[in-house]
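S.K.: Chain A is already provided as a structure; the job is to place chains B and C on it using the hints.
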Amino acid sequence: MTYLNAFIVGGLICVIGQLLMDGTKLTPSHVLVIFVTSGVILTAIGVYEPLVKVGGAGATVPLPGFGYALAKGVFKGVKENGLLGAFTGGVEATSGGITAAVVFGYLMAILFTPKSKL
Amino acid sequence: MQKKNQTQKKKDYQKYVEQKAPKPKYVRNCIWAFLVGGAICTIGQFVHNNVEDLLGLTHLAATNVTTLVMIGLGAFFTGIGVYDKLGKLAGAGSIVPITGFANSIVSPAMEFKREGFVFGVAARMFNLAGPVLVYGITSSVIVGLIYYLIYN
Amino acid sequence: MAVKRLGAQTIKFLNPPAIISTGSIVGPKEGQGPLADYFDAIIQDDLYGQDSWEMAESKLIREAVTKAVDKAELKIADIEFMFGGDLLNQLMSSSFAARDLQVPFLGLYGACSTMTESLSMAAMMIDGGFADRVVAATSSHFSSAERQFRFPLELGNQRALTASWTVTGSGAAILSHSKGGPFVTHATIGKIIDYGIIDANNMGAAMAPAAADTICTHFDDTGLQPSDYDLIITGDLGVYGKEIAVDLLNKKGYDAAANFSDCGIEIFDQKKQDTHAGGSGCGCSAVVFCGYLYQEMQLKNIRRLLLVSTGALFSPTSSQQGESIPSIAHAVTIEI
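Chains as they are written, first to last, in the working numbering: chain A, 1 to 118; chain B, 119 to 270; chain C, 271 to 606.
In isolation and in its complexed conformation, chain A is listed as follows (with noise of 0.2 Å):
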């Protein structure tokens, strides 16, 4: 059930960003802008914390769930360390993606070598 749950509610996420790429003149990149700060407005009005609750990864794979991610971050860190938490919260809690990226981002130019395109 888990399963279908993230297939179904990670398609539509998908879903609403094909529509804004195909209905709009807005660009891949600026899509994802969007989708990253609806994200953490979204969970700071309450409204995403529900939707991953249902949706499991099918919610906080997409970038959304990235901007999830940096909302929780940041009010566990006001929580914890008042002002100073929501500097440091968003970016504690998600330093694992964005190391990962950096140093996979990194490993893999290393290894390969874009190929042409036909």
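Hints listed in this document are in silico derivations from the structure and should not be mistaken for laboratory results.
Think of the CB as a built atom: it goes at the ideal place given N, C-alpha and C, for glycine as much as any other residue.
Please note that a few of the clues may not be correct.
[Unchecked claim] Here are the computed lysine-lysine pairs in the DSS-like style, where the Cα-Cα straight-line distance is at most 30 Å:
id : chain 1 : residue 1 : chain 2 : residue 2
1  : B       : K143      : B       : K203
2  : C       : K282      : C       : K570
3  : B       : K133      : C       : K282
4  : C       : K522      : C       : K461
5  : B       : K138      : C       : K461
6  : C       : K282      : C       : K541
7  : C       : K522      : B       : K133
8  : A       : K115      : B       : K231
9  : B       : K143      : B       : K129
10 : A       : K117      : B       : K138
11 : B       : K128      : C       : K521
[As the list claims (entries may be wrong)] With the Cβ distance kept under 10 Å, some of the chain B side facing chain A (calculated, not the full set):
id : residue
12 : Y144
13 : T217
14 : A247
M.R.: Relative to the frame of chain A, chains B and C by itself:
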């Protein structure tokens, strides 16, 4: 008067071009985005459930590990030249998941290897993904500050 | 007194220079296209044994010029001047090729219109009596253009339906005085036309008005009609841009639909090769002319040709600043 005519002429032309341009295949694109996006999230769920059980992690830790693994997968499939083919078919289905975030980091890093490892790989790595971090982190700080003000 | 000027924008060559030989070389994708048999060489790896795509593109120009020189039974040293250009910043591939060839070089930038720009300039030089043998060469390369103007190759994005595919290839034409043709008889230099199209993924629509304007001016200046030509072929308007150009010409009172085509449409098989709108780039009209059209003219299947290379003069900077795309087209009449 002539200037006004020119602007009108341009506007008419732009309208005409818009009519002439082919429309994207919305239904087909959305179905592929749904299927591939859904599948990537299902893989994420699979990873999550397994690391939670096998490594005995808390739910939050398992979510973090899942993110890590998914980014690793996205980076790897970009490296071997598969992710761009998936993206061509799936569109947002492979752009929106965190694997797409990894793709947007690895692809410029690989692309600019020939410009060197400092100004090429390292400097260009966040060409496309940088905005995500800038807006994500900034908006989270704003949200954090508001939260701080409300609860103090 | 400019005796060779005709009408508003056209030059009529009084001693029409001949195109004595051409060279063309293309990448693997173009080598799978419908015109494959017409090209002198098809490379299998688009890196072409070089360290970067930019240097591979430079080698393409070098090889195209060498091929043209060989076919004319000349030596590189016999070439007195070279007009050339490409899409890269500071004309990287043409200037590096000219460095290696050691031919006196005049670099031109007209984006994808550079082929007819360099042909016109070379023809003027010959007709004017400034030189006896001049080469006009341009190139483009999918991978080097993609990284400068669009996205990294491995990025998983979807290309717009109106987007075109940059041709990997280079064409070179040697102009000289000769009794045998084909001859360059007219050149119509285009004005920059901008109808306010902003979308860099729809260059066909941005360039179509420029193509229509130049073609129309050419007819007005020369008194020729579309039916005087066996073929009127634009550079890289693509499927949608071509339709628009034909429409615009119709509105101006010229019915060119019957013998109108586009190099970007000819070079790829739109259905099988998934290029969306068609081919583009400086190399597109260059290889289609230097390979396909030149041979068809020698066989007299085409006797009078109007080649209209079209260029979108935007840059990543102008595009990000939200500016519209200024476009240009130059027309060259070639007869045999």
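S.K.: Now look at each hint and say whether the structure bears it out.
M.R.: So, going through the hints one by one against the coordinates:
Under the criterion of a C-alpha separation no larger than 30 Å, the hint pairing K143 (chain B) with K203 (chain B) is consistent with the structure, at around 18 Å. Between the alpha carbons of K282 (chain C) and K570 (chain C) the distance comes to roughly 22 Å, so the proposed pair stays at or under 30 Å and holds. Between K133 (chain B) and K282 (chain C), the direct Cα distance comes to roughly 38 Å. Violation of the 30 Å bound is thereby established for this hinted pair. Under the criterion of a C-alpha separation no larger than 30 Å, the hint pairing K522 (chain C) with K461 (chain C) is consistent with the structure, at around 17 Å.
With a C-alpha separation of about 25 Å, the suggested pairing of K138 (chain B) with K461 (chain C) holds against the 30 Å cut-off. With a C-alpha separation of about 40 Å, the suggested pair K282 (chain C) and K541 (chain C) falls outside the 30 Å cut-off, and the hint is violated. Between the alpha carbons of K522 (chain C) and K133 (chain B) the distance comes to roughly 19 Å, so the proposed pair stays at or under 30 Å and holds. Between K115 (chain A) and K231 (chain B) the alpha-carbon distance is near 13 Å, which keeps this suggested pair within the 30 Å criterion.
Between K143 (chain B) and K129 (chain B) the alpha-carbon distance is near 26 Å, which keeps this suggested pair within the 30 Å criterion. Note on K117 (chain A) and K138 (chain B): the hinted pairing holds, with a Cα-Cα distance of about 28 Å set against a maximum of 30 Å. Proposed proximity of K128 (chain B) and K521 (chain C) is supported: the alpha carbons are some 15 Å apart, at most 30 Å. Checking Y144 (chain B) against chain A by beta carbon gives a least distance of about 6 Å; that is within 10 Å, so the hint holds.
Taking 10 Å as the C-beta cut-off, the interface hint given for T217 (chain B) holds, the closest approach to chain A being about 8 Å. Evaluation of the A247 (chain B) hint against chain A yields a held restraint, the C-beta minimum of about 7 Å falling below 10 Å.
Going down the numbered hints, you'll see the structure goes against 3, 6, while the others check out.
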